[in-house]
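A.B. asks: Given next are the chains, with one letter for each unit.
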Amino acid sequence: MKIFSESHKTVFVVDHCPYMAESCRQHVEFDMLVKNRTQGIIPLAPISKSLWTCSVESSMEYCRIMYDIFPFKKLVNFIVSDSGAHVLNSWTQEDQNLQELMAALAAVGPPNPRADPECCSILHGLVAAVETLCKITEYQHEARTLLMENAERVGNRGRIICITNAKSDSHVRMLEDCVQETIHEHNKLAANSDHLMQIQKCELVLIHTYPVGEDSLVSDRPKKELSPVLTSEVHSVRAGRHLATKLNILVQQHFDLASTTITNIPMKEEQHANTSANYDVELLHHKDAHVDFLKSGDTHLGGSNREGPFKETITLKWCTPRTNNIVFSSISELHYCTGAYRISPVDVNSRPSSCLTNFLLNDPRYKIDGSLEIPLERAKDQLEKHTRYWPMIISQTTIFNMQAVVPLASVIVKESLTEEDVLNCQKTIYNLVDMERKNDPLPISTVGTRGKGPKRDEQYRIMWNELETLVRAHINNSEKHQRVLECLMACRSKPPEEEERKKRGRKREDKEDKSEKAVKDYEQEKSWQDSERLKGILEHGKEELAEAEIIKDSPDSPEPPNKKPLVEMDETPQVEKSKGPVSLLSLWCNRINTANSRKHQEFAGRLNSVNNRAELYQHLKEENGMETTENGKASRQ
Amino acid sequence: MPTVVVMDVSLSMTRPVSVEGSEEYQRKHLAAHGLTMLFEHMATNYKLEFTALVVFSSLWELMVPFTRDYNTLQEALSNMDDYDKTCLESALVGVCNIVQQEWGGAIPCQVVLVTDGCLGIGRGSLRHSLATHNQRSESSRFPLPFPFPSKLYIMCMANLEELQSTDSLECLERLIDLNNGEGQIFTIDGPLCLKNVQSMFGKLIDLAYTPFHAVLKCGHLTADVQVFPRPEPFVVDEEIDPIPKVINTDLEIVGFIDIADISSPPVLSRHLVLPIALNKEGDEVGTGITDDNEDENSANQIAGKIPNFCVLLHGSLKVEGMVAIVQLGPEWHGMLYSQADSKKKSNLMMSLFEPGPEPLPWLGKMAQLGPISDAKENPYGEDDNKSPFPLQPKNKRSYAQNVTVWIKPSGLQTDVQKILRNARKLPEKTQTFYKELNRLRKAALAFGFLDLLKGVADMLERECTLLPDTAHPDAAFQLTHAAQQLKLASTSTSEYAAYDHNIIPLHTDFSGSSAERM
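First to last, the protein sequences are chains A and B. 248 is the number that my numbering gives to position 248 of the first sequence; each next residue is one higher, with no gaps. 752 is the number that my numbering gives to position 115 of the second sequence; each next residue is one higher, with no gaps.
In short, the hints are calculated from the structure, not lab data. Model, not experiment: these values are computed from the prediction. Be a bit skeptical, because a hint or two may be false.
Unchecked claim - Chain A is nowhere near these chain B residues, computed Cβ spacing over 10 angstroms in every case: (1) T704; (2) H765; (3) Q801; (4) Q835; (5) P903; (6) Q976; (7) P1008; (8) D1011; (9) N1032; (10) P1046; (11) V1053; (12) G1092; (13) D1095; (14) L1103; (15) Y1136.
To be verified - Here are the simulated DSBU-like pairs of lysine-lysine, each with C-alpha atoms no more than 35 angstroms apart in a straight line: (16) K2/A x K1013/B; (17) K1091/B x K1079/B; (18) K480/A x K1013/B; (19) K268/A x K2/A.
Cβ coordinates follow ideal geometry from the N, Cα and C atoms, glycine included.
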């Protein structure tokens, strides 16, 4: 259906003249006998609706179905006509709901049977209907603004549904002529106006309604073209439920609706709560929902033709979902779905209907606040930040395999950091430094590498490089991100005394290699325990700090990596070759750090050392050596 | 999209084509040559697609049922016999049956009709079919439009001049029209020769069989992919927005959402997303699908060793039970998800939503979806035990708002009985009694049904007289009060007749001072 087809604008014109106060002569028993009643009570006399009541409730039912299935872009303007036209609402979307219309109708009230019939006419309403059809809707306005020079592509069509009590066929013709004349005049007006639109097409649906049992003075007439702009059809309908049925058929025709009956829905019985009976519920929806059905030739056309020839319904058997708790279901599957359609129950108040809809509604309670920035753009932005450094293979990353890095990695991708975030990042870095000093193994994969894999200090070098890559990817986010990098650069080890270490390292090589094997399936918890245990021992090992740097180009260096002192011992700051140009800031920081280091009090271990070297990890050598060997064995199996 | 090739094997296809040189060609040879080219193209670029071959004259025969084995199709081309006259309608009926049997009515299918433009004579000729088109009953319906989404490509082994000399071209154009304009006619440019046939089939390939290559992006992560079958352009609104929308070749992931939240949304079409390896020149090396072919294997093996974002994405979506929302164009989105083929095998797939700012009403506007971290508090709760979806519509639908409909007498009777039931349980049910009473009152006022208000007032007064001796004294007070109020409303002039006025319970006090008041 085109957006701006006739169905975009529907004007209801309902006759409010004195004769509409007449009874429809169809009785409603409202005082029904209820069980356990005292005997011998005569029920109150049945009442009957007026022609007005029948017209109003039928048109409200039309609107109810339409609003259910088309909550947007299908608009109704309600006009009541007596001695003048009363326009009850506007085209704006806020006015488009049943509550507004009901309140406005209550304000109008039923027609006054004692009013002067000479003053009253349906013509006032019809003229107002044409007028209102020329008024632009917000959707038309939006489309016109969007199309700019192609604004004329936006159509202005509409439908007038007029419920009245006409006197004769010639009276009907007079009404049609009047509408045609009015369209002609108003189109002239609209041609010279910016906020009015000419009517391109108008469908007039005249419904003549009369009390049950009377003869109709007006004959039915199918749709006929009165002019290129106006078509008209006449329906002569008895009031009461006949009128309601007619409008139900019309709403289906006007909005291309079709009916589906859900059968065999099990529902608990009110009286016997532990039994359940099966019910059927009939739903209306756009007929596209049936397209594939009809194509497949497998039409389950139900035979329930009790309400006339239009009532063709397709029957579907109810299937109870596997879990009642649809919203929070953990079994969530995607099903192939070619269409989803809004529905409206034919009999909205019947118990089976309301049971079904309540089951499906499942009241959701939350709503997302929209902010000024487009949230979706923020989402894209976030994805951009999160993927700046994202290794795709587990074996290609060290830091994302380390619990210890999580506090930093999870916040560094943020757009901005809090002081607390920075502190956490720094703590993470210190913790890593601590791990390095304690010689904790790292989860570096040895998959695909020949032989034993990298040495421990090489592992740390890889880890620090990776961490630096991650942090560097975000330094432009904010000044606080910079500070994290500064901390990282200040803390990570640098390579001095390369040769010296190499020489010394060879002795312990074998032992180390074995422990390396254990690394990949090493858990952080474990290394934590280890490191806690080692803490005390390390207190004695501070002498080692003098040689704290990791050797960059020596993969076979065996030296246990140590905590790099917070201060640089060398006179000139080392610049890593593998990294790009060093920022001015880090040059400056290094300089400051060097300066500060001169004021630094030397560690006791280093002071007591021989040849600037102190024996370290004396107990550890025995204890830890055993353990790593065992680990090594275990991992090989 | 499956393809049915419908090959004309009537005698007229054996008409010789004057080609310079020694060898003599017939039109059917030209046709076979063109089809070979098409099959070769498909074998390389569309190897997952199914193709069937139908031959027809006055009868039709399914030579090769739907297959991916292009060798079989190729062989069948060289084993075709010559038959009698052209009878297009029955062949098209045959195509309908074959496609519906294999694919049903929802899968789009391409039909490539290869003919020489001789449309047969007498009964069953296309001219006869078209002439009788308007006089058909439902049982002898003309096969076009096809009862499935389709494109009908007519490959004429004739040039335009030849077709225009008779009414052939007109008839063929009618065929396309009858298929709701879905399709196209191709004719040979210039003299009938192998080269020109090749160029004609080349045009068909360009139009209908070019693979859709795209770059899948998620922030800085990217992968070259083929989207299969090719997403077709979509027309949103023929009137306002008649230009078909085409999806971007940059498919940008904008976020991720739980499967339960997106809950089987309606889609226009769904497609496999296959990673492809591109070599330096930008040519395709091979798709990531396993294949028996040895030559392609090496390329696939190389591709298989390079980490691919598609693999990461597919695995993550599967494990997390989520889908990725992907931007297809301005105000156009789709979703990427893992679809299980069998217990062991699953694929990365992409489904297209209908274009527009709000394709899935229960998610609200797409542009309003944002990162969880932006929300003041996690909309999924600390324990991930709730969800912000589905969104509540601004105006509740009628079935969710307890509307009053009295079209059927039963509707009215139920509402009156509810009041009565509660009336008998006063004063315990005072709140419900007045709630139901006010609902009835409002509807009666809106419908101008004032007789009902009087009737119910009478009924309440009668109930008052029927109260048993054991009844609480408040019951009588409330019933009388309610009846009075309804009567006031029914006179429709007083302030009590205002729609927004609510009848409130009579304030009574039976805690001690009641005796004095009575």
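A.B. asks: Tell me the numbers of any earlier hints that the structure contravenes, in ascending order.
C.D. replies: Going through the list in order, the structure violates hints 5, 6, 7, 8, 9, 10, 11, 12, 13, 14, 15, 16 and 19 and respects the others.
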